[in-house]
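Quick note, the sequences are listed as chains L and Z, same order.
Heads up: the first sequence begins at 2 in our numbering, then just goes up one per residue.
Heads up: the second sequence begins at 181 in our numbering, then just goes up one per residue.
Quick caveat, the hints were computed from the structure, so don't treat them as lab data.
Beta carbons are placed, not taken as given, at the ideal position from N, Cα and C, and that holds for glycine.
One or more of the hints may lead you astray.
[As the list claims (entries may be wrong)] Interface residues of chain Z toward chain L, partial, derived using beta-carbon atoms under 10 angstroms:
| no. | residue |
| --- | --- |
| 1 | Val-184 |
| 2 | Gln-186 |
| 3 | Pro-188 |
| 4 | Tyr-215 |
| 5 | Pro-219 |
| 6 | Gly-221 |
| 7 | His-222 |
| 8 | Val-224 |
| 9 | Gln-228 |
| 10 | Thr-262 |
| 11 | Thr-266 |
| 12 | Phe-268 |
| 13 | Lys-281 |
| 14 | Gly-285 |
| 15 | Val-292 |
| 16 | Pro-294 |
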Amino acid sequence: NAGVTQTPKFQVLKTGQSMTLQCAQDMNHEYMSWYRQDPGMGLRLIHYSVGAGITDQGEVPNGYNVSRSTTEDFPLRLLSAAPSQTSVYFCASRRRQANYGYTFGSGTRLTVV
Amino acid sequence: GQQVMQIPQYQHVQEGEDFTTYCNSSTTLSNIQWYKQRPGGHPVFLIQLVKSGEVKKQKRLTFQFGEAKKNSSLHITATQTTDVGTYFCAGRGAGGTSYGKLTFGQGTILTVHP
Numbered sequence: 002n003a004g005v006t007q008t009p010k011f012q013v014l015k016t017g018q019s020m021t022l023q024c025a026q027d028m029n030h031e032y033m034s035w036y037r038q039d040p041g042m043g044l045r046l047i048h049y050s051v052g053a054g055i056t057d058q059g060e061v062p063n064g065y066n067v068s069r070s071t072t073e074d075f076p077l078r079l080l081s082a083a084p085s086q087t088s089v090y091f092c093a094s095r096r097r098q099a100n101y102g103y104t105f106g107s108g109t110r111l112t113v114v
Numbered sequence: 181g182q183q184v185m186q187i188p189q190y191q192h193v194q195e196g197e198d199f200t201t202y203c204n205s206s207t208t209l210s211n212i213q214w215y216k217q218r219p220g221g222h223p224v225f226l227i228q229l230v231k232s233g234e235v236k237k238q239k240r241l242t243f244q245f246g247e248a249k250k251n252s253s254l255h256i257t258a259t260q261t262t263d264v265g266t267y268f269c270a271g272r273g274a275g276g277t278s279y280g281k282l283t284f285g286q287g288t289i290l291t292v293h294p
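Construct the entire structure; sequences and hints are all you get.
Right, here's the structure in full:
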């Protein structure tokens with residue numbers, strides 16, 4: 002049981018490049034979310050999903066796309082990277098039942114130059 | 181949209197002192213969760229509060245949910261160096277269908293001097 006696996010752990014992009022941050026969980030969790038963490042800003046929700054085929058926008062969705070074709074995977078796509086997207090990105094998942102908290106991955110540290 | 185504010189942003193204490201962080205929401209919450217993030221790590225779920233006025237304890241940690249379900253607090257008694265980290269509250273708005281949408285506060289960074 003690996004939990005929530007994020008790849009890569011570190012990435013440097015040039016402005017304008019695109020890339021996909023991978024997130025996979027093996028706990029059969031229905032809910033998955035992507036957060037970005039910046040100093041002094043806490044964790045801000047980018048996109049979230051309550052099940053396969055269902056996604057919705059969070060607080061800061063611009064510049065990012067997601068899809069949820071399977072329960073296990075929830076990739077985050079940066080369409081055209083900008084320096085403002087330099088951040089640490091966390092993927093998280095949890096069971097639908099109300100008493101469960103989110104299990105977070107170890108994060109992807111992204112730098113856009 | 182829903183906003184969750186957390187204070188203080190930083191707290192420095194001597195080992196053995198108590199620590200409290202406060203969380204306030206602009207809207208009524210369905211529930212509130214607390215997480216701890218060690219330096220360089222990822223957030224780890226601590227607890228969830230659901231009922232109005234609820235109080236829960238985990239060893240030296242005491243969590244409270246306000247009567248109006250718009251505020252919460254985390255109190256640590258007699259801090260230890262192992263308590264170092266950032267403590268986040270996170271809430272889900274009451275009503276609606278955004279069951280998967282959890283809004284985090286900015287976090288309180290706790291440092292403990294031995």
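Going through the hints against the structure:
1. Val-184: 8 angstroms, holds
2. Gln-186: 7 angstroms, holds
3. Pro-188: 12 angstroms, violated
4. Tyr-215: Check passed: Cβ of Tyr-215(Z) comes within 7 angstroms of chain L, closer than 10 angstroms.
5. Pro-219: This hint is violated: Pro-219(Z) lies away from chain L, its Cβ roughly 13 angstroms from the closest one there, beyond 10 angstroms.
6. Gly-221: 8 angstroms, holds
7. His-222: 4 angstroms, holds
8. Val-224: Hint on Val-224(Z): holds, closest Cβ of chain L at ~7 angstroms, below 10 angstroms.
9. Gln-228: 6 angstroms, holds
10. Thr-262: 20 angstroms, violated
11. Thr-266: 9 angstroms, holds
12. Phe-268: Holds: closest Cβ of chain L sits about 6 angstroms from Phe-268(Z), inside 10 angstroms.
13. Lys-281: 6 angstroms, holds
14. Gly-285: 6 angstroms, holds
15. Val-292: 20 angstroms, violated
16. Pro-294: 25 angstroms, violated
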